[in-house]
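Undergrad: If you want the building blocks of each chain, they are given just below.
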Amino acid sequence: MSGHETFIAQHSFIELTARERARALLDAGTFRELIGPFDRLESPWLAMQNVVCQADDGAVIARGTLGGEAAVIAAIEPAFQGGSIGEVSGAKIAAALEMAVREFEAGRKILPVILFETGGVRLQEANLGLAVIAEIQAGIVALRRYVPVIGVIGGMVGCFGGMSLAAALCTRLIMTRQARLGMNGPEVIEQEAGVEELDSHDRRLIWSMIGGEQRAAVGLVDTLVEDDTDQVRDAVLGAFESGVPASHRTEQVDAQLERLARVDPSAIDPVVLRTLWQGDA
Amino acid sequence: MNASRGQIWFDALTSNASNERTASGNEGPIRSADAPLGDTSARFITIVPDPHNRFARATDNVVGLEQGWLLARAVRNAMDADRDASVKRPIVAIVDVKSQAYGRREELLGVHLACAAGVDAYASARLAGHPVIALIVGPAMSGAFLAHGYQANRIIALDADGIAVHAMGKEAAARVTRRSVEGLDELGDRVLPMSYKMSAYAKLGLLHELIAGINADAPGHEDIDRVQSSLIAAIDDARKGPRDLSSRLQSADAKRIRAASIEVRKRMAEQWDAS
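So the protein sequences, as listed, match chains A and B.
In case it helps, numbering that gives the first Met the number 0 puts the first sequence at residues 0 to 280.
In case it helps, numbering that gives the first Met the number 0 puts the second sequence at residues 0 to 274.
It should be emphasised that the hints constitute simulated quantities derived from the structure, not laboratory data.
Incorrect hints may have been included.
Some chain B residues close to chain A (C-beta under 7 Å, calculated; not the full set) [to be verified]:
{"no.": "1", "residue": "54"}
{"no.": "2", "residue": "64"}
{"no.": "3", "residue": "71"}
{"no.": "4", "residue": "99"}
{"no.": "5", "residue": "166"}
{"no.": "6", "residue": "195"}
{"no.": "7", "residue": "219"}
{"no.": "8", "residue": "227"}
Each residue gets a CB set at the ideal place from its N, CA and C atoms; glycine is no exception.
Please take these sequences and the hints and turn them into a complete structure.
TA: Written as structure tokens, this is what we have:
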């Protein structure tokens, strides 16, 4: 294909809603939503703070097949409260992971995928948001003993807060260059540590630190994809192929401490880090 | 500088520690030691201020890049030691963490991964059959608590000044929600998960026990005895229960306050298989 044809053939993943993303990744015609909007399981905490609820609380859980195998996708909707995790949206994701664990305990297989698009805890549900994120993390660690848990960070919200830890626990991570992955959002760092630590308006600097391209270059995510639904789907299918690794990234304590030891905090920047951490992810 | 709460309780609970303690040393941000607890021996782990940490934003009792991985090492070291043991030693996370480390270098170098290493270690220890207990003696904030304590089978907290569990520091939360600190208190009284009070947190069903009347800053023999008894009871309870976190939805408080979380699980199970 010519450059033009490739360009025209692309279908944006980023522009899709959570429901459309899940549908686009699953084999055609197999999408089946669990606890959908008509179940009307809404946040019990938003209305009492005069915030309008959404009937799916911003999380879509879908079953179907991926390349012919049973699959479950948990997709976070960025357009509702910035993809923030409340009691219900978080419990839906945790429950899906817990049910997937039960499948393996019963001797059946299912492929789990999480589509991250979240600022982390929903502040209006503070302590329950944090509690359900701990439950999501517990679910990922339990499930990945049986099967790779694949995370996708599509953008444009990216993945922050406690959910960035959940992403890091995934067996393999797929990311677009538009997406960002970090624990503390730039605004939070500026607020807590001052503008001299980080200017949250400096977009070029922020993407150079925590954008998809940099994260892939230093081995903090596995696969960088273009904003193209077919590419994301191919990457997801490919990520299951190599199975459960001997050790996950979060288990590699000695190797990661050694990587850190190579860093001089007074002389580090995104470019230096690429040289320092190249090829040892 | 006064000793931190984490250091105070680590010292109080490990005064009879075995050689392990000298082996793990008293340098750096992590304290880890095995010490007698009831008729067994438990691994105690805490995070303390580390004024000389080479990462300038991680000198306080926070979870930074090194803290996350060193926590994971302390937990995994206990798992390795018990690899072939039929009864796994309890692991007690003494929680006194102000926050994760906020900084430009921290983000660049992947503080999210370092914190996830802590989550993974504690969750894996729990799944391997170690009773994991979180003992909250100071702030248990946000991502730092996720990394150090929130994967425990049972969570115990002292009810004393300076102890709070929350997703965000009070001043920052006031700024973000455009409320005064007083307004935030008023909101917390109406909306339980927003509260900074331990009495409110206790109603969410997440706590195994809230221990009142303890001198948290200068514990005497009686204080230490009471906390040890609570730890022993929590360990016994954890050994009898499942290795996942489902016990957090079992209490009467959870059934009332976390009814939505329970309903989600019920409907997910009902709808899981196509009819």
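Undergrad: All hints, please: hold or fail.
TA: Here is what the structure says about each hint:
no., hint, verdict
1, 54, "holds, 6 Å"
2, 64, "holds, 6 Å"
3, 71, "holds, 5 Å"
4, 99, "holds, 6 Å"
5, 166, "holds, 4 Å"
6, 195, "violated, 9 Å"
7, 219, "violated, 31 Å"
8, 227, "violated, 26 Å"
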